[in-house]
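Engineer: Could you put together the complete structure from these sequences and hints?
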Amino acid sequence: MPIIEVNYLTKEYQLGHLTSLKETALNTLRRLTFRPVQKREQFKALDNINFHIEEGEVVGIIGHNGAGKSTLLKHLANISKPTKGEVIVRGSVAPLIEVGAGVNPELTGRENIFLNAAILGIPKKIVRQKLDEIIDFSNLEQFIDTPVKRYSSGMTVKLGFSIATSMDADILIIDEVLAVGDLAFQRKCFDRMEDMIKRQGKTVLLVSHNIRQVQRLCSRVILLDHGQIDTDGEPKTVCDMFYEKNDREIKTNIDHAQSSAIGSGEIELVDIHFLDQLGHRVNCLTYDQNCSIHFRIHVLQELENVTFGFGFHTTDFLYLTTHNSEEQLSISTIPPGNHEISCQVNRLPLLPGIYSIRFGITAGQAAGTIFYGESLKHFQVIGKIPITIRDGFFALDANWCSDNIKDCQMIDFNSKETQKL
Amino acid sequence: MASSTKNIFQYRELIAALAWKNIVIRYKQAYLGILWAVLKPLMLMMIFTLVRSFVGIESGDVPYPILTFAALLPWVFFQESASEGVNSVTSNAALIKKIYFPREVFPLTAMATKLVELAISFVILAGMMVYYKMMPTIYAFWVPAIVFYTMIVALTISFFGAALNVYYRDVSQALPVALSLLMYGSPVIYPLSLVHKKLIVEQAAGEWSERLYTLYTLNPMAGIIDAFQNVMLKGLPPDFDTLYPGAILTIVILPFSYWYFKRAENWFADVI
Numbered sequence: 001m002p003i004i005e006v007n008y009l010t011k012e013y014q015l016g017h018l019t020s021l022k023e024t025a026l027n028t029l030r031r032l033t034f035r036p037v038q039k040r041e042q043f044k045a046l047d048n049i050n051f052h053i054e055e056g057e058v059v060g061i062i063g064h065n066g067a068g069k070s071t072l073l074k075h076l077a078n079i080s081k082p083t084k085g086e087v088i089v090r091g092s093v094a095p096l097i098e099v100g101a102g103v104n105p106e107l108t109g110r111e112n113i114f115l116n117a118a119i120l121g122i123p124k125k126i127v128r129q130k131l132d133e134i135i136d137f138s139n140l141e142q143f144i145d146t147p148v149k150r151y152s153s154g155m156t157v158k159l160g161f162s163i164a165t166s167m168d169a170d171i172l173i174i175d176e177v178l179a180v181g182d183l184a185f186q187r188k189c190f191d192r193m194e195d196m197i198k199r200q201g202k203t204v205l206l207v208s209h210n211i212r213q214v215q216r217l218c219s220r221v222i223l224l225d226h227g228q229i230d231t232d233g234e235p236k237t238v239c240d241m242f243y244e245k246n247d248r249e250i251k252t253n254i255d256h257a258q259s260s261a262i263g264s265g266e267i268e269l270v271d272i273h274f275l276d277q278l279g280h281r282v283n284c285l286t287y288d289q290n291c292s293i294h295f296r297i298h299v300l301q302e303l304e305n306v307t308f309g310f311g312f313h314t315t316d317f318l319y320l321t322t323h324n325s326e327e328q329l330s331i332s333t334i335p336p337g338n339h340e341i342s343c344q345v346n347r348l349p350l351l352p353g354i355y356s357i358r359f360g361i362t363a364g365q366a367a368g369t370i371f372y373g374e375s376l377k378h379f380q381v382i383g384k385i386p387i388t389i390r391d392g393f394f395a396l397d398a399n400w401c402s403d404n405i406k407d408c409q410m411i412d413f414n415s416k417e418t419q420k421l
Numbered sequence: 001m002a003s004s005t006k007n008i009f010q011y012r013e014l015i016a017a018l019a020w021k022n023i024v025i026r027y028k029q030a031y032l033g034i035l036w037a038v039l040k041p042l043m044l045m046m047i048f049t050l051v052r053s054f055v056g057i058e059s060g061d062v063p064y065p066i067l068t069f070a071a072l073l074p075w076v077f078f079q080e081s082a083s084e085g086v087n088s089v090t091s092n093a094a095l096i097k098k099i100y101f102p103r104e105v106f107p108l109t110a111m112a113t114k115l116v117e118l119a120i121s122f123v124i125l126a127g128m129m130v131y132y133k134m135m136p137t138i139y140a141f142w143v144p145a146i147v148f149y150t151m152i153v154a155l156t157i158s159f160f161g162a163a164l165n166v167y168y169r170d171v172s173q174a175l176p177v178a179l180s181l182l183m184y185g186s187p188v189i190y191p192l193s194l195v196h197k198k199l200i201v202e203q204a205a206g207e208w209s210e211r212l213y214t215l216y217t218l219n220p221m222a223g224i225i226d227a228f229q230n231v232m233l234k235g236l237p238p239d240f241d242t243l244y245p246g247a248i249l250t251i252v253i254l255p256f257s258y259w260y261f262k263r264a265e266n267w268f269a270d271v272i
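As they're listed, the protein sequences go chains A and B.
Letter by letter, the first sequence follows residues 1 to 421 of this note's numbering.
Letter by letter, the second sequence follows residues 1 to 272 of this note's numbering.
Among the hints, erroneous ones may be present.
[Unchecked claim] Listed next, the in silico DSSO-like pairs over lysine-lysine satisfying Cα-Cα at most 30 Å (straight line):
| hint | chain 1 | residue 1 | chain 2 | residue 2 |
| --- | --- | --- | --- | --- |
| 1 | B | Lys133 | B | Lys28 |
| 2 | B | Lys6 | A | Lys125 |
| 3 | A | Lys125 | B | Lys97 |
| 4 | A | Lys44 | A | Lys84 |
| 5 | A | Lys44 | B | Lys97 |
| 6 | A | Lys124 | B | Lys262 |
| 7 | B | Lys40 | A | Lys124 |
| 8 | A | Lys130 | B | Lys6 |
| 9 | B | Lys6 | A | Lys81 |
| 10 | B | Lys40 | B | Lys28 |
| 11 | B | Lys97 | A | Lys84 |
| 12 | A | Lys84 | B | Lys262 |
| 13 | A | Lys125 | A | Lys149 |
| 14 | A | Lys149 | B | Lys97 |
| 15 | B | Lys28 | A | Lys149 |
| 16 | A | Lys236 | A | Lys384 |
| 17 | A | Lys84 | A | Lys124 |
[What the hints assert, rightly or not] Residues of chain B placed beyond 10 Å of chain A at every Cβ, according to the derived structure:
| hint | residue |
| --- | --- |
| 18 | Thr5 |
| 19 | Leu18 |
| 20 | Gly33 |
| 21 | Val62 |
| 22 | Pro65 |
| 23 | Ile124 |
| 24 | Thr137 |
| 25 | Ile152 |
| 26 | Val177 |
| 27 | Ser209 |
| 28 | Leu215 |
| 29 | Lys234 |
Worth flagging that the hints you see were computed from the coordinates, not collected in a lab.
Beta carbons are placed, not taken as given, at the ideal position from N, Cα and C, and that holds for glycine.
Structural biologist: The following block contains the structure:
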């Protein structure tokens, strides 16, 4: 029997503010006299959701903002009731929907442990046994008898997480809680969660925007879209699909978005475009193919000792690589007017995805920045990639080999021929 | 109702923890601590005693200060439990949105908190009884039953009021006004014997007197206060004639109040 059953779950919210007493009275009067009542617009936060979760499954729920992830969790934790359909949960639930929901600032850390444990339904006897473990995990030994109002926000969250994870429930519901605390504590939380999932075999529902994390932890992923289940299946398949969707959305967004560039006004960037290896103008680049990037600039006054630099970054501003013209191109002066410079990229190592370009120009003896911009042009990298380099941003040019395993074949990927060792 | 009682038992630790939190928080930084809890009945007693010295209220053979304090004990307990109970759901919005447990825990917690304060007031009452050289009689064993009945009355108001307050905050505004009006309709400042004398003995309202008296005793607090004074101060059993109209009213309304609360509970998290 599945531990969680969600059948035809629909949740509607009324849009607009609450009705006033007067309006309610009027509506009641209308209902009594069989006249049509004034109805407000309905919003379907969840629309006919169906799924079953077996014991021991670790299910990730992903989706864009407002897709209904948190609403779904609220129904599983019995906080909200469905408009239509049913939710059956067979077991105790530890909702980590927001850690520290019950933490009271006036009480000390120790008092809060007992209070929150009571709220989570942990018997006092068990809390007493686990008290040292909880305090130890939270790293707050020194401050445990200080009122929580004197804590930093990170300390409060640490305390909340330590209490919540000490609960011995069958089902854990986790909503974005791992994005808390410093890096060391995040690591600790992650390890504890992995321990609960992999060793204690608990059923876990995890909502996160950190797709990489979901993919790593979960055995199954549900992708929600506008209150409906878009896909439900293998983490890899679903996550890839989500990435693809996101990439498309980002691309449509940025086509309208203004890039941010700062400059001294001595120079203007007119255009950036790509040419493929055949010299055709393209919008998409292909993995492992040669290409060139062309920058068209408009110089307003004569410049000396000019250096150009460009780089690729992800849409969330992770700088992937840069390239500088310093040692390749020596320009002593540039006269005013339009100029074009280009950079030839050999065998583009970027894996398929959406990336962006940043570009900067320095001039003068002191190499002062006269132009710099990020997200200047977004582009998609396409192409087939071998399974060996599935994850990450870059292809690594590397080969595996073995000396002492017999019956081992080396495969040359490029020629697709196998050679006997 | 049966499931509710079961819930109370199941969640007794939670109720205890939340009530303890309420008390600790309220008095944590106060030098006098929980003594503030008894300030309200003491102050009111002094004011009433002062007022009485001008207007003259018959108090029979019981000294007026202790008579009115004995009236204020159940009254303040009822009034504060009801108003805290009505606000208990909205003031715990953060918890309601984050975690599930039966929501009646909140009004019950408000009551448990007030129960502690009532216990302290009892110490003051005992002190006054020593001062006035009054010995408690065997009838004092009625006190737990009277307190329990007061709790039921306060809960009847709390359940309905707390649920309605989630939708219309008017309730928490109107309640203090209504409760202070009700205080004048309850034998707090004056003893019930005075009302009885006016209406039943002197028939002051003519043929309406009997009906008016029944109407007066429909207020459960009339019977409760009178019974409390009887068993604590006068060494008499509770007067059931004044208790039953209010008791019937309470028993009729309580199931509706609880039903409304449980029905509204489903939407607390969405609306609050």
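Engineer: Confirm or reject each hint.
Structural biologist: Going down the list of hints, with the structure as the test:
1. B:Lys133 to B:Lys28: It is violated: about 36 Å lies between the C-alpha atoms, which goes past 30 Å.
2. B:Lys6 to A:Lys125: Roughly 21 Å separates the two Cα atoms, so the pair holds.
3. A:Lys125 to B:Lys97: Status holds; Cα separation ~27 Å.
4. A:Lys44 to A:Lys84: It holds: about 11 Å lies between the C-alpha atoms, which stays within 30 Å.
5. A:Lys44 to B:Lys97: holds (19 Å)
6. A:Lys124 to B:Lys262: holds (28 Å)
7. B:Lys40 to A:Lys124: violated (34 Å)
8. A:Lys130 to B:Lys6: holds (28 Å)
9. B:Lys6 to A:Lys81: OK: Lys6 of chain B and Lys81 of chain A at ~22 Å, within 30 Å.
10. B:Lys40 to B:Lys28: OK: Lys40 of chain B and Lys28 of chain B at ~19 Å, within 30 Å.
11. B:Lys97 to A:Lys84: holds (20 Å)
12. A:Lys84 to B:Lys262: Between Lys84 of chain A and Lys262 of chain B the Cα gap is close to 18 Å, so the pair holds against 30 Å.
13. A:Lys125 to A:Lys149: Cα-Cα ~27 Å, so holds.
14. A:Lys149 to B:Lys97: Distance ~22 Å between Lys149 of chain A and Lys97 of chain B Cα, so the pair holds.
15. B:Lys28 to A:Lys149: holds (13 Å)
16. A:Lys236 to A:Lys384: Measuring from Cα to Cα gives roughly 17 Å; hence the hint holds.
17. A:Lys84 to A:Lys124: violated (37 Å)
18. Thr5: Holds: least Cβ distance 18 Å, greater than 10 Å.
19. Leu18: violated (7 Å)
20. Gly33: Non-interface label stands for Gly33 of chain B: nearest chain A Cβ at 14 Å, farther than 10 Å.
21. Val62: Answer for Val62 of chain B: holds, closest chain A Cβ roughly 42 Å.
22. Pro65: holds (36 Å)
23. Ile124: Non-interface label stands for Ile124 of chain B: nearest chain A Cβ at 27 Å, farther than 10 Å.
24. Thr137: holds (39 Å)
25. Ile152: Non-interface label on Ile152 of chain B holds, nearest chain A Cβ at 25 Å vs cutoff 10 Å.
26. Val177: Answer for Val177 of chain B: holds, closest chain A Cβ roughly 16 Å.
27. Ser209: Nearest chain A Cβ is 37 Å from Ser209 of chain B, so the label holds.
28. Leu215: holds (27 Å)
29. Lys234: holds (42 Å)
Hint check: violations occur at hints 1, 7, 17, 19; the rest are consistent with the structure.
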